[in-house]
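Q: Input sequences plus hints: build the corresponding full structure.
Residue 1 is where the sequence shown starts when you use full-length UniProt numbering, and the numbers rise one by one after that.
Quick caveat, the hints were computed from the structure, so don't treat them as lab data.
What follows is a set of in silico ranges between Cβ atoms, one per label pair, in the way DEER data are often shown: (1) 61 x 33: 38 to 44 angstroms; (2) 58 x 34: 33 to 39 angstroms; (3) 42 x 77: 35 to 41 angstroms; (4) 66 x 33: 41 to 47 angstroms; (5) 33 x 62: 34 to 40 angstroms; (6) 39 x 73: 33 to 39 angstroms; (7) 70 x 49: 24 to 30 angstroms; (8) 31 x 71: 52 to 58 angstroms; (9) 32 x 70: 47 to 53 angstroms; (10) 40 x 79: 32 to 38 angstroms; (11) 78 x 42: 38 to 44 angstroms; (12) 49 x 71: 26 to 32 angstroms; (13) 71 x 36: 38 to 44 angstroms; (14) 37 x 60: 30 to 36 angstroms.
For glycine and all other residues, C-beta sits at the position ideal for the given N, C-alpha and C.
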Amino acid sequence: MRPSQPLLFKLTAVLETVKKTTGGRAWQKPWGFSGFTPTQKRNRAKQLQQEHDVMEALRQAAAAEPAAAAKVQQQAHRAGSSS
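A: Structure below.
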């Protein structure tokens, strides 16, 4: 090894260090976030659509039976505040 090689090795080791987040599922590169993969984009769109469908069903149920929806909401509020 040349005298400058250990220094160069340490420098490259520091530069190649990455930060591990979310239990190893995502890696943050030193130069920043590089965007979502196509799979991540599809999964997120699917999740948003499912959330939208659930909220729409709840809105329709509340519109169909406003008294029942209000009663359920009050019961949920009481259960949340009593625990």
